[in-house]
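Q: Hey, can you work out the whole structure from these sequences and the hints?
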Amino acid sequence: MTTLIRANLPVLVVIAPLFVAFILPPLARRIRLVEALALLGAVLGLGGAGYLASIVLTQQENPFIYQLGGWPAPWGIELVAGSLGVFFLLVVGVSVPVLLFAQGNLAAEVGGAERVTRFYVLYLLLVGAMAGMAVTNDMFNVYVLVEVATLSCCGLVSARRYPRAAEAAFTYLILATLGSALVLGGIGLIYLITGHLNMGFAAQELSRVWLARPHVVLMAVSLIVVGFGVKAALFPLHVWLPDAHSTAPSPASAILSGLAVKGYLICLVKFLYGVFGPTLLQEFAVHRILTLLGGVGIITGSILALTQEELKRRLAYSTVAQVGYLILGFGLLNVTGLAGALFYLASHAVIKATLFLAAGAMLAATGKRNVRDLAGVGRKMPITMAAFTIGSLGLIGLPLFSGFIGKWYLLLGSWEAGLILPAVAILAGSVLCAAYLLPVIRAAYFAPAPEEDWPDPGRPQKLALLLLAAAVVILGVRPGPFLELAQKAAAELLAFY
Amino acid sequence: MSGLLTKVLINYPYLVAVLLFTIGTFTVLTHPNLFKKLLGINIMESAIFLMFVASGNIRGGVAPIRGTTNAEAVYINPLPSALMLTGIVVSVSVTAFALALIMRLYKAYGTTDLRRIAARRKEVISDDHLDQG
Amino acid sequence: MLALVFALSSGIIGGLLVAALPAARTRLRNMVVLFFTGSGMICSWLVARQVWAGERLRFAGQLGGLTFCLDPDPLGIVFGLIAATLWFFTVVYSLGYMAGKAHQRTYYAFLLVAFSATLGVAFSGNLVALYLFYELLTLTTYPLVIQERSPEAMQAGTKYLLYNLAGAAVLLLAIVLTAAWGGRLDFVGGPILAAGLKTGLNWLLFLFTVGFGVKAALLPLHRWLPAAMVAPTPVSALLHAVAVVYAGVYGLLRVVYSVFGTTLLGELGFAALIPWVAAGTVLVGIIVATQQDILKRRLAYQTISHLSYILLGAFTLHPWGLAGAVLQMIGYAVLKTAFFFCAGIIAEQTGVTRVSQMGGVGRSLPKTMVAFAVVTLGMIGMLPLGTFWGKFYLMKGSVAGGKWPLALVLIGSGIINAVCFIPVVVRAFRDENKRLSITERGVRVTLMLVPTMLLVVVGLGMGLFPGMVWPAVQAVVDWFF
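Those sequence lines, one after another, are chains W, C and Z.
With my numbering, the residue at position 376 of the first sequence is 361, and numbering never jumps.
With my numbering, the residue at position 5 of the second sequence is 276, and numbering never jumps.
With my numbering, the residue at position 21 of the third sequence is 45, and numbering never jumps.
It is worth saying that the hints were derived from the structure and are not from the lab.
Please note: incorrect hints may appear among the correct ones.
Distance windows between CB atoms, simulated [as the list claims (entries may be wrong)]:
1) 480(W) with 307(C): 45 to 53 Å
2) 480(W) with 77(Z): 46 to 54 Å
3) 39(W) with 307(C): 47 to 55 Å
In silico lysine-lysine, PhoX-like type, Cα no more than 25 Å apart, as pairs [what the hints assert, rightly or not]:
4) 378(C) with 393(C)
5) 183(Z) with 320(Z)
6) 125(Z) with 365(W)
7) 365(W) with 447(W)
8) 391(Z) with 320(Z)
9) 353(W) with 393(C)
Some residues of chain W that are not near chain Z, with every Cβ distance over 12 Å (derived) [said to hold, decoys possible]:
10) -10
11) 36
12) 48
13) 103
14) 198
15) 352
16) 354
17) 430
18) 480
For each residue, glycine too, the CB sits at the ideal point set by N, CA and C.
A: Here's what the structure looks like:
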């Protein structure tokens, strides 16, 4: 049994959440069972990821290659759990505390007990798709998983049926589909000139033929960067994000901002480094464009966040800024910078989930959306606000919190790349981040509290918040396997450069 | 000149795909009507499908079914067509979902025109918290 | 070793305890606060004895792939002792000053945590640890600045926070560059950057100067300091004479002697510029101070001026200059704290906050005003007080370092200081007919008056017996030269 599980691990981590998602609907009446099963599905995924990580980290098998149906690579579909894949699988583990949080108050969040099951189905589909993106090594597979993820994201955004959410979901759906169409076009072009859909084989073939057809390759790179850029809210393609992430139910906002965006970025990394390769990126100066967009995104996103009154919108715009950090790191084209960006990805996943969940708990307890109205909430809801504070300090990038390590390596990376402006953007982003998050904390702790009684949320929600906040600190003090995996992944991605 | 023209003529499916893609994208980005946007998305996706299928085609080739043709016949590449079946399925589900959203928006705002929705947003926002089943 | 760990953690433990105590348990809280600052101070002195005896107290740990290390050296010890000792005085003064005021629990909790942060800055053994405590200091002093919770205080707090966080961001960039160029971040084992790699070093020095300069209130970066005067007086004393601004100055001393080293700095064009920036700050700060009517603002601008004495000494790159800087650091901290304490007593007792209202204060509060007068002499740099020796060695260092005009700047500054504060004293003692109503007497006043008097006595002692602080100064100079 164990050997069977071990041998099929890469596919199991993907299938576990998907399988659970599909057995939930018939059980819709028994909410308790649905909740338990949903949590089980996410936990199984995380457990599998942990096991896989231990296999890869101890070098028993790195990368862990799995052939679906036993068909060998150029013909069959390959799952590859290398450092990058395992790293992202662990990041997908953020879905467990978010799910735990959701179980406290979901019926109220989505507006009706009968919608709870649907929410879990969509949620687990999203988690399964994210896990799939982490391990797949087939370009068409990426497209399918991206579509699964997009549809479940849109479903989550519109889970609560108020018109604003439907509007946001529609905009998101249209733009995301536009993005996936572009990606599919890019994949088509790569397939046209290489004849492969497997990333490894396509990369080999590309390195041989790209000189003969530079225009086609350039077209493919642009389509894929823009396509994933739309989905990952790369500035200036972020227009859909603030509405979608701020109108969604809070657990959905947390998972969308924390995880979904990251899945597309991991796919982008796979394409940029795994298919096109650094040499080609440099030839077309794609890396400079990425760094430029990232830097501008950091500054613009932060300034836009600064102007938002509504807390969830402020956090949503902050996601646009934080995606800028990652894109900037992807464009630095050196191991330090890429490792920094990957670690920052993990760090931001945890932090943004914490912030959105805490904001959601405050919204649920107080009914107040605006930062100004949340005065005194720190004393009424100590645990929620403590988690929010830890998350904020992490996002600002203070030492002892996870954001610092990511920023440190990004700064070192931009020095190695010989660029000073990205470093300036990174630091300016930190200061702006302090400017838009600290007022929330100031209002919460140092402003007079109103008379109303705002209790902390229920036990599972508190537990989820504490888990996430602890993760922010642990990642900052002992980043251990995460940093190691990020560095290994970066080294592998840039191995032939 | 004639060389270029021949090239274009030989590759006409791709030319059509590019044309369709442009029309689709243009519709999506410029049309205020939600239905038209959805149609645009569909046209755009068809363009991509066309490109894929065309890439698998070989002129004079036959369908790769074993035992029905002689050994010398050139098979077309069946893989892109198979992939596009999946693509079409995805596209249909996106369309279905988008239609459901459009219906919900129509119920809330009484219109499918984005400009009018923006104009009426203020009125509907006020009862945001009222969940409409 | 244990002493080091306890010195650092006492503030944090005490702070958490205070936060956990119910707000109404005033007496118990006061005991906790006194115990933990007192034990922190004693442990710091124990650490100092060990370090002066030549022991190395290295405490290193991993912080996410970066080494984080505490390793007090003589310079750190000087700053640590100043902070630990004056913190205790400030806490005693606070027990009087804050009695009966709102938000006391928050105040003491953050006062204690900030104590740990300051000692952390002092005892850190590499730039990572220094940066960590530096940021922690900014965040933990913020609630102290907005203690009053008035709109004005909130505005000042935001200014304080943004200036300091922006400065820390620049500092982080400088630290990353140092790590990339120097390959290590530890202070032990000589300067981090080797002579020879020259390109960009001017920029690096510029980044460091901006990064630490914000806290040290170097001239164009000083705006947060006068704004932060809305804080309660003991906090102002800490901000101005002990913790925050000194953390910046200390950081710059570190940059000069541990990051670049005097040899390398001697070759950098920007390093030659800084003493003149500092000299400019000395003069402009004190001249602006003479224009201020609000007493605390006058003191604030004078701080800006006097901090640059220390920088000026450090950048002469001469042993005498360094000795002067360290002496000035010690002497000035003691007297400036006393100065603020006096201003606080005057404001609390009579409600006078402006220089123009000072008439008659001397009659009403003779002890306080005498202390004020003595401190004024110290600020001018006159003999029976400790600051004289600081100034003396600073001048000696400037001349020996080949920058004799700096000595003239120091003399000029002394004269302007006299112009700035002597009229205040004179006015306070003049209007003899006018008697101000004194609101309070009793324990509260004693708690404020005793630390003030003690500090003045210490200041006098250091002036009359400079041998008392000289070993500490000697240790620093020997360490770096």
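Q: Which earlier hints turn out false for this structure, listed by number in ascending order?
A: When the structure is compared with the hints, only number 17 turns out to be violated.
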